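The listed protein sequences correspond, in order, to chains A and B. Note that the UniProt record's numbering numbers the first sequence so that position 105 is 105, with each residue one more than the last. Note that the UniProt record's numbering numbers the second sequence so that position 92 is 92, with each residue one more than the last.
In case anyone wonders, no lab produced these hints; they're calculated from the structure. Keep in mind the model is a prediction, meaning the values are calculated, not measured. Among the hints, a few may not be true.
Quick list of in silico lysine-lysine cross-link-like pairs, DSSO-like style, CA-CA up to 30 Å [claimed, not checked]:
(1) B/K245 to A/K83
(2) B/K245 to B/K78
(3) B/K245 to A/K78
(4) B/K78 to A/K83
Here is how the chains run, residue by residue.
There are 2 protein chains.
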Amino acid sequence: MRIVVLTGGIGGARFLVGVREHARAIGAEVTAVVNVGDDVRMHGLQICPDLDSVMYTLGGAADPERGWGRVGESWVVKEELAKYAVEPSWFGLGDKDTATHLVRTTMLNAGYPLSAVTAALCERWQPGIGMLPATDDRLETHVVVDVDGERKAIHFQEWWVRYRGEVPTHRFVFRGAENAKPAAGVLDALGQADVILLAPSNPVVSIAPILAVPAIREALASGSAPVVGVSPIIGGAPVRGMADKCLATLEVEVSAAGVGRMYGPRADGGLLDGWLVDSSDAGVEISGVTTRAVPLWMKDEALTVRMVADALDLAKVAR
Amino acid sequence: MRIVVLTGGIGGARFLVGVREHARAIGAEVTAVVNVGDDVRMHGLQICPDLDSVMYTLGGAADPERGWGRVGESWVVKEELAKYAVEPSWFGLGDKDTATHLVRTTMLNAGYPLSAVTAALCERWQPGIGMLPATDDRLETHVVVDVDGERKAIHFQEWWVRYRGEVPTHRFVFRGAENAKPAAGVLDALGQADVILLAPSNPVVSIAPILAVPAIREALASGSAPVVGVSPIIGGAPVRGMADKCLATLEVEVSAAGVGRMYGPRADGGLLDGWLVDSSDAGVEISGVTTRAVPLWMKDEALTVRMVADALDLAKVAR
């Protein structure tokens, strides 16, 4: 059995821990297709927050308290950069993380595609699943905002980290997406998949940038594998992160139903065959999509594994 | 009064502390023209060991024990890079240092010349003197060696740090020197100088790469300012570093006389008007060069200031 997971962010990384464990139990292969919209070049370093979150989390090196970056991180490089008064100063550039970015940037500058660089980094981390960036091309999420009385497009990281989303926000733009091709291996993985899961990641800035790559959206929409999404919204609020702010910008209701309808039923040009919502959201109905309500809180690995099993069960009947 | 110092390495940096103090006392301006032959790109970072040694030493941030790099340095980035098994692993890349290299590399990649980058970094360090790289062009010292039964040219840093000079060594090559132009400001500084000092730096790998820039050597040879060198060799041994190994490669005697003759008298196509040697080397004679013997050990700042005063005194009578 082959499982492909579209994912991004910390929630997506934690979900993958459950996918990996369940896959080991049932002898399945897992490939994660990871959001690159958050990627940014800062201080000459190519930083891939979502790929790193997945890699560090599955490699057992993520910081469980802070929610991102490496456990036992130190901040000498960041403090020194601040003393040189170079911008951006608001980004959390850890020392351990810096080494990852140096290795990645050196390889990218030497001409290796991001997918090959990711594979090289994973030789150290041994995530136990296949890890692919959505695209090897440049694709960045920018956010149209009003700052200091001026309307402008800023990088997603600036919106997220510097402003915590607390600025008038008009829309999200996936720069480069239209011309982006799926990274090496992505279309093969999708074509051979027995089931495709949408992780309970932020639908607007983690999942949507992946789907903004035309050939990926097309592969999902026209493929034979059932697509099951897991709701990132429980009882009208995101489990973590700022999905509520992102959804509000799109005028999408912050609810399991709202996100499910945004992804949409396959029959109606959407993606979903099945939609897994939390028990507290039982009763959600989306025309053309099979919904099921189960506990969705990823409080520990066992509960996450249970969730994944439920998603795979739903896939069997959803299409 | 305007003083220009050709310099490189730790000895040169410490000498400059004395030059700066003496210049403050007599109201002189100082410009250091710094060796760039040691410069190297590693892990995508442009590293300038001699510029950094001068900058950190004059900025009061150099490590006095280790002799290079920053005081209070940490090594997280280096340890992490080693865990990725990327080469080179033998280079001492400190965390604080990494920030300097990131700022420099980002500016260089944006198109700023090294001289402008150095000026920008010095806004933080306030060295109290003018600091110019010998050239803004690429100039690297390579070393022709025998390693594993093979003759090859390796970067100077690999020879110095990885092999500690302990490999059969045939010659030093200053790659790029022939076509290198002096950095912005260098020819002006040399042209306006009242005296030019050669710091007691390694003559083969710190001073010679500066002189390998044709227009710099020409400016010294044909200029009106007296040129006084300070011997890096005392009593047949280098004060620090590996000048002995470097001189042996060139079949130059490891002595104050040997180095003085290598620089050579101006009348004979060389550079020197005056040559300052240690008291223990009193009696050294170099045809066409005025020599003087004074204490040359830079044990503290006061002694270094005294040495500088002696060098300037010698300049008055040497030409």
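Index of numbered hints that the structure contradicts, given in increasing order: 1, 3
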